[in-house]
Amino acid sequence: MEDIKLNRTVSKILAAGIYTTIFLYGIGILLLLINNKPHTFSSKSLEDIIMSFLSFNTESFLYAGTITLILTPIFRVFVSVIFFLKSGDKKFFYITLLVAIILLLSIFFGIFFSIKLG
Amino acid sequence: MFVDLILLFVIAIIAGLLGSLVGIGGGIIIVPALSLIYRVPIHNAIAASLISVIATSIAGAHKYVEQEITNVKLGMFLEVPTTLGALIGAFLALILHGWLLSVIFGLLVFIMAIYSYLTREHDDKIEFNSEIDPNNKLESFLGLRDSYFDAALNKKVDYAVHKPLLGSLISLLAGIGSGLLGIGGGIIKVSAMNSLMKIPMKVSVATSKFMIGVTAAASSTLYFLSGAIDPYYVAPVALGTMAGATIGSSIMNRFKSKFIKLLFTVVAGYLSIRMILKGLSDGLGITLF
Numbered sequence: 000m001e002d003i004k005l006n007r008t009v010s011k012i013l014a015a016g017i018y019t020t021i022f023l024y025g026i027g028i029l030l031l032l033i034n035n036k037p038h039t040f041s042s043k044s045l046e047d048i049i050m051s052f053l054s055f056n057t058e059s060f061l062y063a064g065t066i067t068l069i070l071t072p073i074f075r076v077f078v079s080v081i082f083f084l085k086s087g088d089k090k091f092f093y094i095t096l097l098v099a100i101i102l103l104l105s106i107f108f109g110i111f112f113s114i115k116l117g
Numbered sequence: 000m001f002v003d004l005i006l007l008f009v010i011a012i013i014a015g016l017l018g019s020l021v022g023i024g025g026g027i028i029i030v031p032a033l034s035l036i037y038r039v040p041i042h043n044a045i046a047a048s049l050i051s052v053i054a055t056s057i058a059g060a061h062k063y064v065e066q067e068i069t070n071v072k073l074g075m076f077l078e079v080p081t082t083l084g085a086l087i088g089a090f091l092a093l094i095l096h097g098w099l100l101s102v103i104f105g106l107l108v109f110i111m112a113i114y115s116y117l118t119r120e121h122d123d124k125i126e127f128n129s130e131i132d133p134n135n136k137l138e139s140f141l142g143l144r145d146s147y148f149d150a151a152l153n154k155k156v157d158y159a160v161h162k163p164l165l166g167s168l169i170s171l172l173a174g175i176g177s178g179l180l181g182i183g184g185g186i187i188k189v190s191a192m193n194s195l196m197k198i199p200m201k202v203s204v205a206t207s208k209f210m211i212g213v214t215a216a217a218s219s220t221l222y223f224l225s226g227a228i229d230p231y232y233v234a235p236v237a238l239g240t241m242a243g244a245t246i247g248s249s250i251m252n253r254f255k256s257k258f259i260k261l262l263f264t265v266v267a268g269y270l271s272i273r274m275i276l277k278g279l280s281d282g283l284g285i286t287l288f
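In order, the protein sequences belong to chains F and W. Per numbering that gives the first Met the number 0, numbering of the first sequence is gapless, rising by one per residue and ending at 117. Per numbering that gives the first Met the number 0, numbering of the second sequence is gapless, rising by one per residue and ending at 288.
Here chain W stands alone, though its shape is the one from the complex (with noise of 0.2 Å):
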């Protein structure tokens, strides 16, 4: 019991300080560590999950939205698409079975962690337009611009929020990944933000984190409520990422984003196909290792 925990603990903290870095509430490591050490039936483990994303989200971005790097008016503009794609989510995962979840995690973690190595190179090549586009009907009636003082290229650097509908379809599609597979789904966030909104890197990353713990909270109170949440898991869970993610959003700045990506790439690539086995094995009956 007390090994477990501590053990439990320790394999939090790993998880909030990664998915702090990389935005994303540590779910990607939460949910296989839970399911493939402790053997926690998978809508059990995500549910646990969903919760340490909560803890983990509320601990960075209470310090991103207090450094003003998080558009918070952004974050709540598109929290509308992702809250409700998590209500759908969370209500496609309790009705299937747990070794489908698995597969489906594992693939969709297993395309993150490409996509991660396929734009490993993107940040530094984006152009910040600071100027709003007039015949974009949305953007212009948000007319969401601002800026944010960064500290590794030591400047202030202007922005303005583009394509804002695109950018709402795809937090819808983040959200119901969330719900449905426990992750936050902070990449798939950052991603659209970053490529498509054009806003810059550090600024999607606090914002995205800012949004998850709604998100994640729409989807973990019909987990709750369906009696899904096992607070001796989820406590030590919880809180680790929180410290974990409290350590990672303290140096999150001084990272540059590629080394972040190749990080992901390795970690989450791993996980995934751990994941997809189990599901084959546990469902199929087909093990391939």
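This is chain F alone, in the form it adopts within the complex (with noise of 0.2 Å):
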């Protein structure tokens, strides 16, 4: 009964970060089709990527987007953690929380060790 509780739980937050990011997405590329202008590949930092997305334009849509489609899954180990210790099932619950350190700590590396691409 737990586990089925659980899987609604998971499907609903997977259903809700699909349809977010579907419109988010859909707004971005209505946007950028409108604009049509041509576009050059580039590498962004951390700062354009937060600039742009300050800024309120047709990629502060793309990069909504793409921000609610990693947060999806992480959201929902966080959400998982919090239903096993709810639940009690001390071993899932650990299970969980090692995964959540883990996503926890890309973040981190991510954040703190700014990596030059190869």
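Just so you know, the hints here were simulated from the structure itself, not pulled from any lab data. Don't be surprised by glycine CBs; every beta carbon is placed ideally from N, CA and C. One should not assume that every hint holds.
[Stated by the list, open to error] Incomplete in silico selection of chain W near chain F, CB under 8 Å:
no. : residue
1   : 75
2   : 86
3   : 150
4   : 161
5   : 165
6   : 212
7   : 221
8   : 234
9   : 257
[Said to hold, decoys possible] Residues from chain W that keep clear of chain F, each with C-beta distances beyond 12 Å, as calculated:
no. : residue
10  : 64
11  : 116
12  : 275
Make the complex out of the two chains shown on their own, each in a separate frame, by following the hints.
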């Protein structure tokens, strides 16, 4: 019974993540098509990302969609940690907690070690 | 610009559809497409692919979880080694030269294609044992037994999760592969779950897809924060793969695994050779064809 409840919650989180992303990407791509400007590929620094995110333009929607996508599975893990804690399933509480810690580490490493592209 | 976006979208739909059928995130097609057709540097192609891998995973996974094919607890257990692997893989990729990464990509995908061909008959031979082995400590500690309804066989299939330690080690490798090459690593996870852990093929595919989102989220965080993601490419690719994956997961239950494996062998085999040739030409100036 508990498993079915978790399945439903997880399924809802994933669905919410997809629909939000589709909405944000949809607007972003629509604006891209309307503006129809040529684009050359470029890498973005963390500063570029933050600046374009704050300037509320086409890129902001595209970034918001990307961030939503990355955060959806991460959010699902954190919700599972809380779920197992509440349902008293110690075994899976520790297992999901470990996954959550690894995910936090990846954010930590990403921010603090700015690695140059090879 | 208009044509570029539409073409990218169409390629992504095909990648997502095929990826969803095989249990991969479509990265095996996306990385070569961006790299060979659009000349996007491979690190950035890998980063874009990882985002589409997350999209495919979520779109497919949410349906399988709803249909109760996914073994959520098994997925969460294997996410520990696989996310750790993804983190290691992303680190490795960011310090390697692009041409070398192309060659490694090609070689690993080639091996996967061969493996997929060799194990094409495998699924039908596996006997599912729904009893837990009391002598295997980790197996009895986890105690994962479950069942799912197979629409193609029209019956309920019972199974138990065996050899979790071996499965974890292979998931770690799959995670490294995913972070390193942007490919989701589903085909490795699916093979490990199906042939070693004795989990039915469809449960393996569904559970792998469920895990892939978290695996790719771990590595794409590193790529994203280190600036490798250009949202102009990522958005149509992610949307396209998501659309393809949605179509794929609704028809996946109707196909025989043998057909899916053969299809994968042909596509992956061709793309892997193209990537090896590109890497050799970019890095060492060797042109074979």
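(message) Need the list of violated hint numbers for this structure, in ascending order.
(response) 3, 4, 5, 9 and 10
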